[in-house]
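Undergrad: Residue-level listing of the chains:
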Amino acid sequence: MTRFLDFLALIGRSLLSTCQSLGGVALFALAGLSHVVRPHFPFRQFGRHLVEIGYFSLPVVALTALFTGMVLALQSFTGFSRFNAESAIASVVVLSVTRELGPVLAGLMVAGRIGAAMAAEIGTMRVTDQIDALTTLSTDPMKYLVAPRLLAAMVAMPFLVIVADILGVFGGFLVGTVKLGFVPQLYLVRTFDVLQTMDVVSGLVKAAVFGFLIALMGTWCGYNSKGGAQGVGQATTRAVVASSILILALDYVITEAFFSR
Amino acid sequence: MTPFDQEAERSVKQQAGAVPKIRLRGLKKRFGGKVVLDGVDLDVRAGHSMVILGGSGSGKSVTIKCILGLIQPDEGLIEIDGKDVSSMSPEERAAILDRTGMLFQNGALFDSLPVWENVCFKLLAQRRITRAAARDKAAEVLAQVGLAASVGDLSPSELSGGMQKRVALARAVAAQPDIIFFDEPTTGLDPIMGAVIDGLIVDCVKKLGATAFSITHDMASARRIGDDAAMIHKGRIVWSGPAASLGDTGNAMVDQFARGEREGPIQMELRK
Numbered sequence: 001m002t003r004f005l006d007f008l009a010l011i012g013r014s015l016l017s018t019c020q021s022l023g024g025v026a027l028f029a030l031a032g033l034s035h036v037v038r039p040h041f042p043f044r045q046f047g048r049h050l051v052e053i054g055y056f057s058l059p060v061v062a063l064t065a066l067f068t069g070m071v072l073a074l075q076s077f078t079g080f081s082r083f084n085a086e087s088a089i090a091s092v093v094v095l096s097v098t099r100e101l102g103p104v105l106a107g108l109m110v111a112g113r114i115g116a117a118m119a120a121e122i123g124t125m126r127v128t129d130q131i132d133a134l135t136t137l138s139t140d141p142m143k144y145l146v147a148p149r150l151l152a153a154m155v156a157m158p159f160l161v162i163v164a165d166i167l168g169v170f171g172g173f174l175v176g177t178v179k180l181g182f183v184p185q186l187y188l189v190r191t192f193d194v195l196q197t198m199d200v201v202s203g204l205v206k207a208a209v210f211g212f213l214i215a216l217m218g219t220w221c222g223y224n225s226k227g228g229a230q231g232v233g234q235a236t237t238r239a240v241v242a243s244s245i246l247i248l249a250l251d252y253v254i255t256e257a258f259f260s261r
Numbered sequence: 001m002t003p004f005d006q007e008a009e010r011s012v013k014q015q016a017g018a019v020p021k022i023r024l025r026g027l028k029k030r031f032g033g034k035v036v037l038d039g040v041d042l043d044v045r046a047g048h049s050m051v052i053l054g055g056s057g058s059g060k061s062v063t064i065k066c067i068l069g070l071i072q073p074d075e076g077l078i079e080i081d082g083k084d085v086s087s088m089s090p091e092e093r094a095a096i097l098d099r100t101g102m103l104f105q106n107g108a109l110f111d112s113l114p115v116w117e118n119v120c121f122k123l124l125a126q127r128r129i130t131r132a133a134a135r136d137k138a139a140e141v142l143a144q145v146g147l148a149a150s151v152g153d154l155s156p157s158e159l160s161g162g163m164q165k166r167v168a169l170a171r172a173v174a175a176q177p178d179i180i181f182f183d184e185p186t187t188g189l190d191p192i193m194g195a196v197i198d199g200l201i202v203d204c205v206k207k208l209g210a211t212a213f214s215i216t217h218d219m220a221s222a223r224r225i226g227d228d229a230a231m232i233h234k235g236r237i238v239w240s241g242p243a244a245s246l247g248d249t250g251n252a253m254v255d256q257f258a259r260g261e262r263e264g265p266i267q268m269e270l271r272k
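Going down the list, the protein sequences come from chains A and B.
Going by full-length UniProt numbering, the first sequence opens with residue 1, and the numbers climb by one from there.
Going by full-length UniProt numbering, the second sequence opens with residue 1, and the numbers climb by one from there.
No wet-lab data here; the hints were simulated from the structure.
Heads up, some of the hints might be wrong.
As the list claims (entries may be wrong) - Dumping the calculated EDC-like pairs for lysine to aspartate or glutamate here, alpha-carbon to alpha-carbon at most 20 Å: (1) A/K226 / B/D111; (2) B/K65 / A/E52; (3) B/K137 / B/D153.
What the hints assert, rightly or not - In silico contact screen, one side only, chain B against chain A (beta carbon under 10 Å); selected entries: (4) T100; (5) G101; (6) P114; (7) K137.
As the list claims (entries may be wrong) - Listed next, with one range per pair, are the computed distances between beta-carbon atoms: (8) A/F67 / B/S155: 46 to 54 Å; (9) B/D41 / A/V155: 49 to 57 Å; (10) B/K28 / A/L10: 41 to 49 Å; (11) A/L16 / B/G55: 52 to 60 Å; (12) A/T18 / B/S56: 34 to 42 Å; (13) B/S160 / A/A229: 17 to 25 Å; (14) B/A133 / A/V37: 23 to 31 Å; (15) A/G23 / B/A133: 26 to 34 Å; (16) A/S17 / B/S89: 43 to 51 Å; (17) B/G209 / A/V25: 24 to 32 Å; (18) B/D74 / A/V37: 34 to 42 Å; (19) A/G233 / B/A244: 43 to 51 Å.
Beta carbons are placed, not taken as given, at the ideal position from N, Cα and C, and that holds for glycine.
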């Protein structure tokens, strides 16, 4: 009986701890976002993070999208040729890339690159008293550290996804025309025939949401890190894992919202 | 008595030196089961330099963080200029921080900013100065702490420990605060650099006419920068008096601490 009660207590503690964390993240997000619309938004910090997230993530996102589009065309050809459906490759590539692969892969790449960097930078600031120093220097850390990162990630991610969409489709086009022997004009006609505005828009909405999640997890984990170098390392790992899982979960939710009938 | 009369009386008392700049009464703080502050009572006179002595883990840093509002105490009263900070609105609290400076133990300089922007961070945050003027102001304040204007363009990671402490001191005094907190200002420095930093602290505090609140376990530093001193042990103030009398206070704990003796009333706590 005692073991059963201990087991129940363990479940209860875990549940309460999860609720506490969720509530903490929600309040943290609200506090961060509230500073976006309050006076004296730190535009200099916002610009710095916009460049860091948008510009410096371009190579990794571009290469990922390009090769994914190429592989997708190649694999689709292998499968579709068994059913004489090679003509569908252009459609499959463009829809997969714009609706799913562009935003999700860009999100995962940015989570690995930027989410980790945010958690490490803010975590180091926490354990070296720099966040306390901000408070004593008449600066709200939420306003200076969190709000500009949240906004910059939400703005930069859609631009990265546009680049990922273009290069992903281009990768498919490259393999389709050079290796698989498609006529370039015909490949492009089939690509644009099937593509609709909503396909791109849904991808961009996902990108903005993923950008928010990456910045939120990066700043939250960094802000609450403790225990020196080891704590900062754990915060970095938590930020990447949490944002990656949330990206995949929210991807399903947004897809349901846009395309389920 | 109306609030106006109370304010007027407080002002008169303060001018007469009756109201301490900082007043702590029964300050308590525990982290989990560990009691860190167990009823700290302390007065810091306006325009004076108070040094708090104590061993590692005795609650010195927590006391400062409670006064600054970085940690919420569990119980007790904190008054600044006779006003209870716990009853202040966020705006009043921010106004107190606006006229406060703090030198952190490890400097806590912002790695992502050059030295000049670190020094003038508060002035820029309060919009009291433009970025162009901030460079000149930073050069002026850096000169006060014995650093060349060219240091302003360096990153904090390019500076030695002593230079980082000087920059941190420059940042603490740049906005001309009337209360300055120093958290172990000489820790990690060689004795000569420690003496240099102490000299700079005394000069800066006197020049500003500020009230200084320092914590240290460096006795030489305490004698150099303090007018008054107090010793904290196990979360309580066990002695207070003039800093000049340190080492010959007649209090066994303070004298053991000042002489660095192994035997005495203060015993190293062994974790069981």
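Undergrad: Each hint: holds or not?
TA: Here is how each hint holds up against the structure:
no. : hint                        : result
1   : A/K226 / B/D111             : 19 Å, holds
2   : B/K65 / A/E52               : 34 Å, violated
3   : B/K137 / B/D153             : 13 Å, holds
4   : T100                        : 6 Å, holds
5   : G101                        : 8 Å, holds
6   : P114                        : 13 Å, violated
7   : K137                        : 15 Å, violated
8   : A/F67 / B/S155: 46 to 54 Å  : 37 Å, violated
9   : B/D41 / A/V155: 49 to 57 Å  : 53 Å, holds
10  : B/K28 / A/L10: 41 to 49 Å   : 32 Å, violated
11  : A/L16 / B/G55: 52 to 60 Å   : 37 Å, violated
12  : A/T18 / B/S56: 34 to 42 Å   : 36 Å, holds
13  : B/S160 / A/A229: 17 to 25 Å : 22 Å, holds
14  : B/A133 / A/V37: 23 to 31 Å  : 29 Å, holds
15  : A/G23 / B/A133: 26 to 34 Å  : 44 Å, violated
16  : A/S17 / B/S89: 43 to 51 Å   : 33 Å, violated
17  : B/G209 / A/V25: 24 to 32 Å  : 46 Å, violated
18  : B/D74 / A/V37: 34 to 42 Å   : 35 Å, holds
19  : A/G233 / B/A244: 43 to 51 Å : 47 Å, holds
Hint compliance for this structure: hints 2, 6, 7, 8, 10, 11, 15, 16, 17 are not met, and every other hint is.
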